[in-house]
Amino acid sequence: MPRRLALLGVLALLLGPAPARAGLHAGDTAPEFRGTDLTGVSRRLSDYHGSKVVVLFVLGNT
Amino acid sequence: MEQEIWQYYQANAPGRVQVLGTDVFPSGTNGSLLAQFRINAGNLTFPLLRDCGDGNFASDTNLVKPYNQRDNYVVIDADGVIRYHADDAWDYGDRYHVNELRSAINAALADLLPVPLETRERMTLEVSPNPFTRRLGITFAIPAPGTSPARFRVFDLAGREVSCFDAPAGGSAATRIVWDARDASGAALAPGLYLLRLESSMGRLTRRIILAR
Numbered sequence: 001m002p003r004r005l006a007l008l009g010v011l012a013l014l015l016g017p018a019p020a021r022a023g024l025h026a027g028d029t030a031p032e033f034r035g036t037d038l039t040g041v042s043r044r045l046s047d048y049h050g051s052k053v054v055v056l057f058v059l060g061n062t
Numbered sequence: 001m002e003q004e005i006w007q008y009y010q011a012n013a014p015g016r017v018q019v020l021g022t023d024v025f026p027s028g029t030n031g032s033l034l035a036q037f038r039i040n041a042g043n044l045t046f047p048l049l050r051d052c053g054d055g056n057f058a059s060d061t062n063l064v065k066p067y068n069q070r071d072n073y074v075v076i077d078a079d080g081v082i083r084y085h086a087d088d089a090w091d092y093g094d095r096y097h098v099n100e101l102r103s104a105i106n107a108a109l110a111d112l113l114p115v116p117l118e119t120r121e122r123m124t125l126e127v128s129p130n131p132f133t134r135r136l137g138i139t140f141a142i143p144a145p146g147t148s149p150a151r152f153r154v155f156d157l158a159g160r161e162v163s164c165f166d167a168p169a170g171g172s173a174a175t176r177i178v179w180d181a182r183d184a185s186g187a188a189l190a191p192g193l194y195l196l197r198l199e200s201s202m203g204r205l206t207r208r209i210i211l212a213r
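Those protein sequences? They're chains L and P, same order as listed.
In terms of my numbering, the first sequence has 14 at position 14, counting the first letter as 1, and numbering is strictly consecutive.
In terms of my numbering, the second sequence has 104 at position 104, counting the first letter as 1, and numbering is strictly consecutive.
In short, the hints are calculated from the structure, not lab data.
Note that beta-carbon positions come from the ideal geometry of N, C-alpha and C, so glycine has one too.
A portion of the hints provided could be inaccurate.
As the list claims (entries may be wrong) - Covered by chain P, per the in silico footprint, the following chain L stretches (three or more residues, Cβ under 8 Å): (1) 23-30; (2) 35-47; (3) 52-59.
Said to hold, decoys possible - Chain P residues, not near chain L, derived (Cβ > 10 Å throughout): (4) Ile-5; (5) Asp-79; (6) Arg-122; (7) Ala-141; (8) Arg-176.
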């Protein structure tokens with residue numbers, strides 16, 4: 001039994017906690033963000049308000 | 001994949017869709033990932049933004065918190081409302097659903113009229129309470145109503161129209177009405193999140209409303 005418990009503990013450590021969902025959902029107002037593109041041009045989300053639909057491809061850590 | 005979306009809308013809706021790639025972590029850790037992403041994906045031509053987030057989960061000013069720490073796809077309409085968020089429905093590793101993405105972009109495009117922002121901003125639309133249970137108070141003003149009547153349309157998040165009703169003529173003064181959250185057949189709408197849109201000859205305004213019966 002102790003070995004089984006230890007194995008379960010190791011598995012839990014390896015799997016880690018379930019990833020949390022993001023804080024915003026469809027229907028929410030998107031927060032402002034700004035960044036500099038790879039050519040050095042500064043861009044903000046609000047640059048597109050009222051004129052364009054923004055499609056955001058978010059690059060994460062994997 | 002992402003480049004295909006960008007090219008498709010550049011060809012079919014020029015100047016009305018902006019694709020952006022963003023990095024939720026500081027450039028020091030993942031900035032190089034952006035450049036690598038561009039190379040791996042075949043020399044992307046849409047902007048890739050660095051330093052949009054500080055990578056701090058506890059911060060209110062980073063993009064990890066709203067959009068999660070892993071790859072994700074989001075559609076934001078011209079009113080700044082999130083119309084599609086892959087993280088809502090799909091786990092990491094299974095988030096790229098091109099048909100859903102295009103459907104959301106197309107629905108947001110349908111709402112986008114070539115009306116100057118300054119004109120749109122002169123119209124007003126307020127809702128209360130929100131969330132609401134049975135009746136929603138709607139206060140609106142249309143400075144130059146025009147000859148055609150204004151109307152309200154209600155959509156679910158899939159872009160389906162669930163209700164439509166005329167806005168009473170009130171001149172340029174603020175007008176308040178009460179909506180009972182029923183569809184065209186008179187049936188009560190199911191609880192959930194909807195988009196209320198005011199359409200007039202001056203343009204459109206959209207508000208997110210939450211029905212909680």
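Problem - Cβ separation check - Arg-122/P to all of chain L, threshold 10 Å - result: 12 Å, holds
- Query: Are 3 or more residues of the region 52-59 of chain L near chain P, judged by a Cβ distance of less than 8 Å?
  - Reply: Satisfied; 8 residues make the cut.
query: Is Arg-176/P truly not at the interface, in the sense that its beta carbon sits beyond 10 Å from all beta carbons of chain L?
result: 23 Å, holds
| said: Taking beta carbons only, do three or more residues of the region 23-30 of chain L come closer than 8 Å to chain P? | reply: Satisfied; 8 residues make the cut.
- Please count how many residues of the region 35-47 of chain L have a CB within 8 Å of a CB from chain P and say whether that reaches 3. holds (count 9)
| said: At 10 Å, judged by beta carbons, does Ile-5/P keep clear of chain L as stated? | reply: 6 Å, violated
(Q) Is the claim that Asp-79/P lies outside the interface with chain L correct, judged by CB distances over 10 Å? (A) 7 Å, violated
- [ ] Just double-check Ala-141/P for me: nearest Cβ-Cβ distance to chain L has to come out over 10 Å.
- [x] Since the minimum Cβ distance to chain L is about 18 Å, Ala-141/P lies beyond 10 Å and the statement holds.
When the structure is compared with the earlier hints, violations turn up for hints 4, 5 and for no others.
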